[in-house]
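K.L.:
Chain A is fixed; fit chain B onto it per the hints.
Heads up: the sequence lines are chains A and B, in that order.
For the first sequence, the numbering used here gives the first residue as 137, with consecutive numbering after it.
For the second sequence, the numbering used here gives the first residue as 137, with consecutive numbering after it.
Some clues are possibly wrong.
Given that identical chains are not distinguished, each listed pair holds provided it fits within a single copy or across any two copies.
Unchecked claim - Below, a list of computed lysine to aspartate or glutamate pairs in the EDC-like style, where the Cα atoms sit at most 20 angstroms apart:
#1 K342 - D145
#2 K280 - D255
#3 K280 - D321
#4 K280 - E144
Worth flagging that the hints you see were computed from the coordinates, not collected in a lab.
Keep in mind it's a predicted model, so treat the numbers as computed, not measured.
Number of protein chains: 2
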Amino acid sequence: MTKILRDEDLNDSGLMAVAIEALEAAFLARAGHRLIAPPRHHVSFGDRGDLVFTIGGILGETPLAGFRVYETFGGADQIVAVWSVDDARLKGIVLGERLGSLRTGAIGGVAIRHLSAPDARSVGILGSGAQARSQLAAAAAVRKLERARVFSPNENRRAAFAEEMERALGLEVVPVGSAREAVDDADIVISATTSRTPVIHAADLKPGVHINTVGPKTRDGYELGLDIADAAAVIATDSPEQTSAYASPFFLAGSGHEHRMADLADIMAGRAGGRGSPEDTTLFCSVGLAGTEVVVASAILDVLGASA
Amino acid sequence: MTKILRDEDLNDSGLMAVAIEALEAAFLARAGHRLIAPPRHHVSFGDRGDLVFTIGGILGETPLAGFRVYETFGGADQIVAVWSVDDARLKGIVLGERLGSLRTGAIGGVAIRHLSAPDARSVGILGSGAQARSQLAAAAAVRKLERARVFSPNENRRAAFAEEMERALGLEVVPVGSAREAVDDADIVISATTSRTPVIHAADLKPGVHINTVGPKTRDGYELGLDIADAAAVIATDSPEQTSAYASPFFLAGSGHEHRMADLADIMAGRAGGRGSPEDTTLFCSVGLAGTEVVVASAILDVLGASA
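In isolation and in its complexed conformation, chain A is listed as follows:
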């Protein structure tokens, strides 16, 4: 019987590691041109909104096909479905918002694994929402973290974030009163805000830092400025083509930096340069590589299907 998973089935903290390994395989498939990820497909329902489909999968030894669909009518229900191509079987369906958050977190985790200093111990987090949570969980899955500092403008929210994540990850998480204080001595910086103006500056960061930017990054608004791109020895993204497909240009467009932006898949496959020295600043611009929801959903269905 087709397995159906909902948000409440995806609370197991071990699923982040599952999602990260699935993403590793997806990025390697991408480097080998086996990741299927055509452009999004929109269908409009008058002036009420659209259904938006990301259809994709992976070819190779264990081919997968599937899709994610969400709507712009104002709700939050998403559907991700996965078929195992070899036996033409609908493996399952994942409903809700949690898979998308796990997926984006796991993309950040893969970037941190391949770009941050191997001995990174401390994280500075900007933002206290669902994305900040899953990025920190992903960082903790790929590095032996000892401590984190979090800043977000609302004192109650950053305190709640710190308490919850300290308990969830077994790591010291301290709320602090400014963005600068949060990133001050951090080996890894996670920026997961909704800010449309830069929240930190290059001078706030220590040498050798790795930065994930998950929030706004178009010319209409960006949470990190060009000074950080100027300081970065390596700039990478999960999907260079998606950075060119936004309605508003990517924040690096016209800066010269966009031409040296590397595909994370190519860095992983050894086809593009990664971190070269302990002093290098590395910057990862997360855009949400299409087709990866299906790969993560498949891995989670395998794990939860077997234990159910």
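P.N.:
For chain B alone, kept in the frame of chain A given last:
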């Protein structure tokens, strides 16, 4: 919580009437240009097959949006999902094959309601598969039937069909030894075969008969021939545009009849002529109007959601 229905949830014989009423509303929406049904969207997974999406819905007082997806990897699992647009809520998901069969049956039922003689009492059925079953159930939902005769080449299968449908519909169903015998004095003929050559001829039919053709009808193969189109006073279809979109031309292409083929929605809305006299032969060519799976799924989710 999002409702999930599977084939075994759709066994209630009352659902055909629900599906037919939903289709009535969908055809009227189509006549009023409120049915959203863009062309199918295919995504290929190498040489392994495609995912095929029919995305659509209905605008107006209670707008619906959704999609059906199936694959060509060799399996049979379909997914239909429906959103209520006004409150941006995922109403539910229907899995399996039964919804599609109910939908095609219900389209046939709407055609029979609007084209066959109001006092039609007898049905001749050609074919004994799932489609023949749902077409007969649909006919029984819209006309006061007294008897049916069924022919299909396999004697055991036609006997099983007759026994099962007699019990299910409370109506005399007799298996017979030839197609001609099945349609001989029938007021309604349902052709739901896989035959690529004509199974009956115009001379086999009585005046005033209504015919639904559900099986093959392209130039590559067709279960009914041009002689029946020649005899028909009215030729209708659920989707003139889909009859032009087959890889092989529609069986009427080039015969002259294709130009007088009417849209069933227009007949229902009084914009095209229907049955004019008791002696008229009427022919309905069922192609499976896109977007209607979503409308039927929505109605079924309403009914089963309320009783669950």
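K.L.:
Quick one: which hint numbers does this structure break? Sort them smallest to largest.
P.N.:
1, 4
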